[in-house]
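Engineer: Sequence:
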Amino acid sequence: MSLDPDMLPAQVSADSSQPAPSPQPIDGAYQSAGTGAQDVWFFMADADSQDRPSDEAVADIIAADNVRQSTLAFHLFKKPKSTRIRCTLCLREKNEWRTWLNRIGGISRPMREHLSKEHPTTYNQKCSEQGQAAEPEHTPAGPSSNPPNPPPQPTPKPQTPRRESPQHIPPGPAPSAVPSTPGPPSSSHHVHAAYPQPPYPRPRHHTPWEPDRRKTALEFAQEAVDVASRPRQSETIEELRAELEQVKAQRDHELNARRLLEQELYRMREAARARDEELVKVSHLISASLQALVGGPVSASGAPPPAMPVQGTHSHPHPHPPVAYPYPYPYPYPYNPS
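Numbering follows the working numbering, with no gaps: position 130 of the sequence shown is 153.
Don't read these hints as lab results, they were simulated from the structure.
Hints are not guaranteed to be accurate.
[Said to hold, decoys possible] Computed list of lysine-lysine pairs in DSS-like fashion (alpha-carbon distance at most 27 Å, straight line):
| hint | residue 1 | residue 2 |
| --- | --- | --- |
| 1 | K104 | K117 |
| 2 | K140 | K117 |
| 3 | K102 | K140 |
| 4 | K117 | K149 |
| 5 | K102 | K117 |
| 6 | K104 | K140 |
| 7 | K102 | K149 |
| 8 | K101 | K149 |
| 9 | K101 | K117 |
| 10 | K104 | K149 |
| 11 | K101 | K140 |
[Stated by the list, open to error] Have a look at the derived ranges for each label pair, beta carbon to beta carbon:
| hint | residue 1 | residue 2 | range |
| --- | --- | --- | --- |
| 12 | E261 | R126 | 44 to 54 Å |
| 13 | E116 | V250 | 14 to 24 Å |
| 14 | G154 | T259 | 56 to 66 Å |
| 15 | L124 | E79 | 32 to 42 Å |
| 16 | V270 | A247 | 23 to 33 Å |
| 17 | N89 | S151 | 13 to 23 Å |
| 18 | M291 | V250 | 42 to 52 Å |
| 19 | L124 | S77 | 21 to 31 Å |
| 20 | A247 | A80 | 35 to 45 Å |
Computed from a predicted model, the values in this text were never measured in an experiment.
Note that CB positions come from ideal geometry on N, CA and C, so glycine has one too.
Turn these sequences into a full structure, and let the hints guide you.
Structural biologist: Structure representation (structure tokens):
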């Protein structure tokens with residue numbers, strides 16, 4: 024993006040041949056419309072993109088800006104027509120490509136604030152040369168430019184002395200040592216010092232009785248977004264690899280410990296099972312010894328002989344076997360020969 028400085032004087036002469044629009048002053052300040060706010064448009068120019076061009080193009084742009092500002096009359100500067108608006112002082116003084124989106128309507132206020140904050144010396148000098156106020160946005164419109172007189176402050180009413188009771192706490196320092204501030208009239212009853220009574224309605228400057236305001240969900244969400252958007256410290260690939268190896272070693276150590284615990288648990292279970300088998304064998308041997316002492320038979324395995332049925336009981340699992348019916352089962356009525 025390059026501009027030809029030789030083409031600018033011809034354009035200036037062609038524009039100067041037309042009748043120039045007269046500025047519309049409002050109490051010593053120009054309007055912020057497209058034809059007004061020359062104090063802003065003098066330092067602004069067209070920009071086709073937000074990205075910074077090459078160094079050769081930047082040099083051509085700075086030269087074209089100098090020619091345009093030195094040859095074109097101050098009242099002929101208007102709002103640029105391009106998609107973005109560029110600050111010429113940022114490019115000339117700070118070598119920065121600063122642009123704004125060219126919206127419809129008056130947009131000179133943020134640019135004027137930028138000029139007053141970032142380039143105050145150049146901006147104020149140009150405004151003083153042209154007889155304009157440095158910040159016309161804050162100048163009140165009216166027949167007189169003098170600031171209005173401040174409203175008279177209300178004089179505090181003298182408070183009547185209150186009769187103190189014998190149980191009342193002794194007064195503090197003298198009234199002359201403490202600056203008197205207007206407040207609500209004191210009540211006739213005694214108020215304990217540990218529980219002060221807040222005034223109603225509560226003024227803005229009175230904060231001792233303000234309760235602790237808890238954070239809302241929106242504030243917590245905003246804090247989370249701020250923490251997430253906070254730039255992370257730059258870490259090299261070697262540091263990340265070392266951290267990964269450390270995590271892997273810790274994981275392997277935990278797996279080995281878990282495997283050892285499982286093996287120890289299995290060994291303890293096997294030992295308990297072997298102990299139970301030994302106890303069963305010992306029990307069988309003791310039973311066999313007792314049977315031998317009593318005089319009963321002893322099996323070769325050492326287990327006690329099966330118990331003999333008691334007299335008067337049946338060896339069949341059922342005391343009374345089921346009766347065989349002559350008809351195919353099931354039959355609606357059981358066969359009863361009696």
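Engineer: So, for every hint listed, does it hold in this structure?
Structural biologist: Tested hints:
| no. | hint | result |
| --- | --- | --- |
| 1 | K104 to K117 | 25 Å, holds |
| 2 | K140 to K117 | 14 Å, holds |
| 3 | K102 to K140 | 21 Å, holds |
| 4 | K117 to K149 | 19 Å, holds |
| 5 | K102 to K117 | 23 Å, holds |
| 6 | K104 to K140 | 25 Å, holds |
| 7 | K102 to K149 | 18 Å, holds |
| 8 | K101 to K149 | 16 Å, holds |
| 9 | K101 to K117 | 24 Å, holds |
| 10 | K104 to K149 | 23 Å, holds |
| 11 | K101 to K140 | 22 Å, holds |
| 12 | E261 to R126: 44 to 54 Å | 49 Å, holds |
| 13 | E116 to V250: 14 to 24 Å | 36 Å, violated |
| 14 | G154 to T259: 56 to 66 Å | 60 Å, holds |
| 15 | L124 to E79: 32 to 42 Å | 26 Å, violated |
| 16 | V270 to A247: 23 to 33 Å | 26 Å, holds |
| 17 | N89 to S151: 13 to 23 Å | 21 Å, holds |
| 18 | M291 to V250: 42 to 52 Å | 49 Å, holds |
| 19 | L124 to S77: 21 to 31 Å | 23 Å, holds |
| 20 | A247 to A80: 35 to 45 Å | 43 Å, holds |
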